[in-house]
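> Which chain is which? The protein sequence lines are A and B, in order. So in this note's numbering, spot 12 of the first sequence is number 12, and the numbers just go up one at a time. So in this note's numbering, spot 224 of the second sequence is number 412, and the numbers just go up one at a time.
Careful, some of the hints might be misleading.
EDC-like cross-link-like pairs, simulated, lysine to aspartate or glutamate; straight-line CA separation at most 20 Å [said to hold, decoys possible]:
| no. | chain 1 | residue 1 | chain 2 | residue 2 |
| --- | --- | --- | --- | --- |
| 1 | A | K170 | B | D500 |
| 2 | A | K165 | B | D500 |
| 3 | A | K170 | B | E599 |
Over 10 Å on every C-beta distance to chain B, these chain A residues come out as not near it, computed from the model [what the hints assert, rightly or not]:
| no. | residue |
| --- | --- |
| 4 | G17 |
| 5 | H25 |
| 6 | V34 |
| 7 | S58 |
| 8 | D62 |
| 9 | L63 |
| 10 | Q79 |
| 11 | I91 |
| 12 | A96 |
| 13 | P98 |
| 14 | L99 |
| 15 | R111 |
| 16 | W119 |
| 17 | G139 |
| 18 | I187 |
Just so you know, the hints here were simulated from the structure itself, not pulled from any lab data. Computed from a predicted structure; not experimentally measured. Cβ coordinates follow ideal geometry from the N, Cα and C atoms, glycine included.
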Amino acid sequence: MAEITTDMHGDDAFEDGVRRRDFIHVATLSFAGVGTVAAVAPLLVQMAPSADVLAQSSTEVDLSPIQPGQAIKVMWRKQPVFVRNLTPTEIAAVDAVPLSSLRDPQTLAQRTKPGKSNWLITMGVCTHLGCVPLGAGPGEDRGPYEGYFCPCHGSAYDPAGRIRKGPAPKNLEVPDYKFSTDKIVQIG
Amino acid sequence: MSFPWAKHYEPKSDFMKWVDSRLPIPRFVYSAVGGGYPVPRNLNYFWNFGFMAGLALMIQIITGIVLAMHYDPSSAGAFLSVEHIMRDVNAGWFLRYAHANGASFFFIIIYLHIFRGLYYGSYKAPREVIWLIGVLIFLLMMATAFMGYALVWGQMSFWGARVITGFFSAIPFVGEPLRVWLLGGYAPDDATVNRFFALHYLLPFAILGVVILHIWALHIPGSSNPTGIEVKEEQDTVPFHPYYTAKDGFTVVLYLLIFAVVVFFLPNIMGDPDNYIAANPMSTPAHIAPEWYFCPFYAILRAFTFNFLWIDAKLWGVIAMFASIILLFFLPWMDASPVRSSGYRPLYKKFFWALVVDVIVLGVIGKLPPNQPFILIGQFAAIYYFAHFLIILPIVSRIEKPLPLPNSITEAVLAKHSSTSTLSGDLAAQPAE
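Isolated chain A (complex conformation):
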């Protein structure tokens, strides 16, 4: 049975042993904690992309000059995006690959928009360590699978941008995009 005692500050303890002073300690520390978090938050969020960086987060691409079999590189969020007009032969070839043989199983249809399966739009960023693969520029090495080839560590992608060989874990990422008109694509 706890006795009611008086400490040096004249603070009475209640029967359960909790003093008024304990409440003050908890309240003070809680307020200081909340205040510290509130003060630290701006120091952390200032590191995130600023408004002008985010304002560059969408870009428009005119598809009309891109011939079948051709690809172009466009800049989006300071990173290359590959826009490729697949030939019917390439589409037939990638559709013939059994999904079970793929490291990151996806069909071409899952990686393109409905009715636009010839337009493959992917990030030009290797999913291994972020190098820019070859194959979008004229005359560049497209690698053993005729898609893209990363010179850094030898990852080879097929024409659907799917990883087929080498250290990369995933297919080339498909960014968010939509067809504004038949020939204009908005990325981001």
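For this one, chain A is given, so just place chain B on it according to the hints.
Only chain B this time, still in chain A's reference frame:
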């Protein structure tokens, strides 16, 4: 702190007496690096690298501050301002070459300093905290060097920054947002080069602060020594000044001599020529390799080329690379042998040299392109690195029978001296000083 026979500071002039009684900095310096700090008399030249590391840090800080006066931390201006320093700023080429090569030299010194600690068991009780602080300094140095290299904003800077920050994206769930947060964008750009500059300027001073803790912790038990046995009496020690200030001074001259040869005649020998091409976010260099001092760890990163359990190869590589350094924090408790110096540990000594060879192999592999047979060699070397610390060291330190230790430092010194100087017995009795 220190030993009972350590001399106390006695001000020689009235002025120093006046200062000492108000702010005892002269007393502090005297006890830290002066006549008031007794040091084992048998230290060999491997004990000089701590002093040289301090010099290397000061060279980096001083050249760095003046370079910052001419540098433009923006993605458009960074590379051009570095070229401006090289071509237009008076003596700018010298300052930049001294700073860039100074970083490499700093790491050479630090690696020798670390391997000294590994060979002579300097990390063992009662010096664990010195070792822990040392590993922390090493980590801070790596972060500083990485960000400093990025500031040049050449192709290798840009893609190095891209690949290294890409490690963070391997972390499940939070990885990609974390990477974007670190960069302040989706790829390295203005925000990145600005924050790297701010941190690259800050961290050396953080290192300086931690170095002071390192030396403070060292002065509690005093320096270790090549025999690994503790100081017992006054004749085992000599005062730091003038004995070790003179000895350190000698290697400082050698160090500056070699440093000057590299800065003036071979300034790009340790650099990558691709970094003289301005950063281009749309095109990756054919082969990305870090600066030589990161290569052993880069080789460990790349050793994982296969998925294992539910974790993919990329994350394994990142975990292994960080683990290879974090491991060093646990070293004082993994080595169970009470004997410090490898000189008395015949079995451990062999494995120590095997580790040295292994780290060199990893360093070479880290610089080479990832083709066979280099991938396989790198994988074996990475496995051996971890095996050394996690399997070999704990077992060897428990089963090994060490050689008999000398009774005291003085006995060891005199025994060595009399066995080497057969010409005259008198010489052995005379102090070399």
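> Next step is simple, just say for each hint if it's right about the structure.
Each hint, compared with the structure:
1. For the proposed pair K170 (chain A) and D500 (chain B), the alpha carbon gap of about 10 Å is at most 20 Å, so the pair holds.
2. In summary, the hint linking K165 (chain A) to D500 (chain B) is supported, as the alpha carbons are separated by about 15 Å, within the 20 Å threshold.
3. At most 20 Å may separate the alpha-carbon atoms for a hinted pair to count; K170 (chain A) and E599 (chain B) exceed this at roughly 65 Å.
4. The Cβ of G17 (chain A) lies farther than 10 Å from every Cβ of chain B, with a closest approach of about 39 Å, so its non-interface assignment holds.
5. No Cβ of chain B approaches the Cβ of H25 (chain A) within 10 Å, the least distance being about 32 Å, so the stated non-interface status holds.
6. Even its closest Cβ contact with chain B, about 23 Å, leaves V34 (chain A) beyond 10 Å, as expected for a residue assigned away from the interface.
7. With a least beta-carbon separation of about 12 Å from chain B, S58 (chain A) lies farther than 10 Å from that chain, consistent with its non-interface assignment.
8. Non-interface call for D62 (chain A) relative to chain B: holds, since the shortest CB-CB distance, roughly 19 Å, exceeds 10 Å.
9. Remark: the non-interface label on L63 (chain A) is consistent with the geometry, its nearest Cβ contact in chain B lying 19 Å away (cut-off 10 Å).
10. For Q79 (chain A), the requirement that its beta carbon stay farther than 10 Å from each beta carbon of chain B is not met, with the minimum near 5 Å.
11. Here I91 (chain A) stays apart from chain B, with its beta-carbon at least about 27 Å from theirs, past the 10 Å limit.
12. For A96 (chain A), the non-interface assignment is confirmed: its Cβ lies about 26 Å from the closest Cβ of chain B, beyond the 10 Å cut-off.
13. Non-interface call for P98 (chain A) relative to chain B: holds, since the shortest CB-CB distance, roughly 20 Å, exceeds 10 Å.
14. The Cβ of L99 (chain A) lies farther than 10 Å from every Cβ of chain B, with a closest approach of about 18 Å, so its non-interface assignment holds.
15. With a cut of 10 Å on Cβ distances, R111 (chain A) stays outside the contact zone with chain B, its closest approach being about 19 Å.
16. With 10 Å as the threshold on Cβ separation, the claim that W119 (chain A) sits away from chain B holds: the shortest Cβ distance comes to roughly 21 Å.
17. For G139 (chain A), the shortest C-beta to C-beta distance to chain B comes to about 14 Å, beyond the 10 Å cut-off, and the non-interface label holds.
18. Here I187 (chain A) stays apart from chain B, with its beta-carbon at least about 12 Å from theirs, past the 10 Å limit.
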